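Given these sequences and hints, build the entire structure.
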Amino acid sequence: MNWTPADPMVSLKDVHKSFGELKVLNGVSLDVMKGDVICIIGPSGSGKSTLIRCVNALNDIQKGSILVEGQEVNDPNLDKLELRKKVGMVFQQYNLFPHKTALQNVMMAPVRVLKQDKAKAEETARALIRKVRLEGKENAYPGELSGGQQQRVAIARSLAMQPDVILFDEVTAALDPETVGEVLQTIKDLAEDGMTCILVTHEMAFAREVADHIYFTDRGVIVEHGPPETFFKNAQDPRTKEFLSQIL
Amino acid sequence: MEFVFDWFRTLYQETGINLPFLYDEYDRNRMIGGFLTTIWLSLVCLFFSVIIGVIGAWLQGSSFKWTRRIVNGYIQLFRNTPPLVQLYFFYFAIGTLLPRVENDWGGQSPILGSFAWAAISLSFFAGAFNVEIFRSGIEAVPKSTVEAAEALGFSKLQIYRDITLPLAFRVVLPALNNNLVNLVKTTTLAYAIAVPEMLYEANQIWSDNVNVTEMMIFLLLAYFALVGVLVSGMNRWERAMKIPGYG
Amino acid sequence: MTYRTDLPVMLPVKRPEAEPFLGLKLWHMLPIALIAIIGPSLAFAQSSADGQTPFGILLNWAPLLLKGFIFNLVISVSAMALGTVGGAILGLGQISLFAPTRHGSWFVTQFFRNAPWLVLLFFAMFLLPFEINVFGLKIPFPDWFKAILGLSLPVMANVSEIVRGAVRSLPSGQWEAAESLAYTRLQTLWLIILPQCVKRMLPPWMNLYSILTMATVLASIVGVNEVMTLTGQALASEGGRPDLLAPFYGFVLLLFFVYCYPIAKFTVWLEKKYAVIT
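Residue numbers (UniProt numbering), protein chains in the order written: chain U, 1 to 248; chain L, 1 to 247; chain S, 1 to 278.
Since the hints were made in silico from the structure, they are not lab data. Among the hints, a few may not be true.
Claimed, not checked - Mimicking BS3-like on lysine-lysine, the simulated pairs with C-alpha atoms at most 30 Å apart in a straight line are:
1) U:188 - U:241
2) U:34 - U:63
3) S:273 - L:65
4) L:143 - S:272
5) L:143 - S:273
6) S:265 - L:143
7) U:115 - U:100
8) U:85 - L:156
9) L:65 - S:265
10) U:131 - U:80
11) U:100 - L:143
12) L:242 - U:118
All values reported here derive from a predicted model rather than from experimental measurement.
See below:
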């Protein structure tokens with residue numbers, strides 16, 4: 001199957017996933033077009049993080065299909081490297097490599113995985129660190145940076161691979177309140193540049209502001225979805241209403 | 001230098017404190033040779049025991065039950081039996097099974113000498129500890145950090161080489177250094193199969209000069225200094241390897 | 001959510017010993033048995049002139065070797081007892097408030113910890129007199145007694161470090177709480193600190209005992225009649241047959257393994273048990 005930019009960049013069809021007895025995803029389908037920013041919200045344990053971890057094959061699925069630019073992820077012969085060049089990921093706990101400086105963290109994958117020239121990779125990395133507004137912190141180790149700064153390095157690190165879509169897994173959940181804003185601003189900049197983003201988040205105001213589409217998940221299924229304005233104003237399902245009333 | 005040598009010769013003549021390796025060239029060369037052999041044996045064993053440790057730790061993560069069992073059997077066997085008996089087993093029992101080769105004088109000599117057997121035996125002994133040390137280090141690397149590397153497209157081997165091993169190495173450095181210090185002390189066992197290391201050469205000297213007391217005290221001080229220098233060097237290294245920002 | 005996220009900081013390091021340990025199963029004996037007995041026996045499949053197999057000869061000598069091994073255990077227990085008493089005193093000296101005692105104890109500890117066991121054994125063997133005179137009473141110092149003394153020196157130094165480490169590992173709040181209740185330093189140490197330390201000291205102390213037991217064979221180098229010496233004599237009296245070497249040395253390995261492995265297993269069990277509490 002040939003994929004064209006007119007097709008969905010990421011397409012999930014009837015995805016089922018369970019950890020042993022525990023069913024986490026129960027038939028999830030959604031499409032993400034190029035340049036879309038979608039937010040997945042929902043109560044804890046509803047399968048949001050698992051959903052996006054499946055997209056870059058950190059978790060495998062039992063049934064269904066996940067297509068990333070036409071490449072099937074649910075395939076035992078999956079070329080993971082090809083997939084991960086296309087899909088970047090930012091984690092809740094940043095997961096920077098503690099023994100490498102900020103600059104090294106950003107350059108490492110392009111040099112090691114994409115076999116880029118070192119000088120060129122460094123140039124790109126410095127530009128990305130500027131982009132996430134961390135100029136001057138190039139030689140700091142992760143342990144010397146605040147949570148918000150580490151998270152922005154992590155975003156730069158995933159951008160260095162020039163992915164077509166980036167997954168954000170509750171990236172502000174572990175941050176001190178005062179550093180949340182700077183990370184959200186960075187993501188907003190990305191969204192404005194036209195990067196395709198899939199976010200799992202608890203920041204409702206942020207979701208409302210940047211998202212093109214909101215998905216609400218509960219107990220492994222998508223309960224309701226829609227553009228932010230209609231979603232937040234006219235939620236239909238009682239579960240969505242209850243969730244929103246608790247959060248807002 | 002001659003002045004120092006003379007001084008110790010006089011010391012012997014005047015007080016009876018006999019340190020022949022400080023005025024007699026033959027004995028001095030023996031002592032220096034012994035010292036160098038100890039260092040060389042330690043380095044060789046260090047090298048091979050670390051390799052055994054890395055490979056063993058890697059094999060312990062194998063998905064084959066029998067691979068893990070064999071590695072575990074090796075660890076328990078070498079950790080719970082006396083290194084001296086291991087050395088004898090290697091040198092006498094296995095050494096005699098190997099074919100002999102003709103030496104320069106037309107006679108028959110074993111294919112591996114006592115130094116080689118000491119190196120093999122002590123490497124396996126120290127390696128058994130290293131496997132467990134490395135494994136605990138690898139287990140200390142958070143799964144999420146490995147996942148981050150995976151998400152960046154690193155291959156398994158790249159993750160092991162660029163992320164897991166460097167991080168694990170920093171964690172295990174104190175334990176590894178401790179093992180190295182033990183290794184240096186354990187090289188004295190090679191005395192038992194006549195490897196000319198420090199203890200053996202000291203023994204030769206006190207047999208020739210009947211000065212056990214002086215040699216014994218010198219030997220204790222020499223090992224104290226050698227291990228002391230090693231320990232302080234290691235501590236410095238551990239401090240230098242600390243990742244900034246983490247305890 | 002459903003998966004565990006770990007901090008990017010390193011996880012707490014487990015002590016190498018505190019790892020899941022496989023039970024003593026048949027296969028543990030398998031490699032030893034293979035190496036020690038079957039392999040070489042096969043290599044020398046033809047039995048010797050008098051028709052006895054290497055294994056049969058080993059059986060003849062086994063009771064004597066076992067006696068020698070028990071002597072090793074006697075040496076190990078005695079040296080451990082001596083070393084523990086000495087080490088406890090030295091260890092308490094290391095946490096003394098009186099600086100000269102502290103520094104002196106530290107130096108003695110480091111000195112005997114850094115010296116190789118074999119060198120200390122030589123030290124005791126050659127430098128101790130074979131008898132001492134106390135008020136005209138001659139107390140002989142046989143070789144085995146010197147070996148015990150020589151082996152107890154490194155044990156002492158290691159116990160001293162174990163004591164110091166255990167006391168240091170207690171939170172300083174314990175000292176402060178006791179002080180605020182007007183305990184004297186000795187009372188604090190005896191009633192508050194040491195009872196809590198015993199649990200922490202037990203696993204490394206047992207580990208040390210295991211190391212000491214394995215070090216008792218060093219006494220063979222200085223001529224004490226323990227299992228290794230007897231093995232050598234047995235081999236010599238059989239005419240130095242090369243096919244006997246592997247079974248005999250393998251047997252000695254087996255003896256130590258059977259004794260030390262359960263100790264190691266128990267130590268790990270203790271460590272795990274106490275790790276939960278502290």
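We went through each hint and held it up to the structure:
1. Among the hinted pairs, residue 188 (chain U) with residue 241 (chain U) is consistent with the structure: their alpha-carbon atoms are about 27 Å apart, no more than 30 Å.
2. About 25 Å separates the Cα atoms of residue 34 (chain U) and residue 63 (chain U), which keeps this hinted pair within 30 Å; it holds.
3. Restraint check: the Cα-Cα separation between residue 273 (chain S) and residue 65 (chain L) comes to about 27 Å, which is no more than 30 Å; the hinted pair holds.
4. Simply put, residue 143 (chain L) and residue 272 (chain S) have alpha-carbon atoms about 23 Å apart, close enough for the 30 Å limit, and the pair holds.
5. Of the supplied pair hints, the one linking residue 143 (chain L) and residue 273 (chain S) holds, its CA atoms being roughly 26 Å apart against a limit of 30 Å.
6. Between residue 265 (chain S) and residue 143 (chain L) the alpha-carbon distance is near 28 Å, which keeps this suggested pair within the 30 Å criterion.
7. The straight-line distance between the Cα atoms of residue 115 (chain U) and residue 100 (chain U) is roughly 18 Å, inside the 30 Å bound, and the hint therefore holds.
8. Between residue 85 (chain U) and residue 156 (chain L) the alpha-carbon distance is near 16 Å, which keeps this suggested pair within the 30 Å criterion.
9. Of the supplied pair hints, the one linking residue 65 (chain L) and residue 265 (chain S) holds, its CA atoms being roughly 21 Å apart against a limit of 30 Å.
10. Taking the CA atoms of residue 131 (chain U) and residue 80 (chain U), the gap is near 28 Å; set against the 30 Å cutoff, the hint holds.
11. Of the supplied pair hints, the one linking residue 100 (chain U) and residue 143 (chain L) holds, its CA atoms being roughly 17 Å apart against a limit of 30 Å.
12. About 26 Å separates the Cα atoms of residue 242 (chain L) and residue 118 (chain U), which keeps this hinted pair within 30 Å; it holds.
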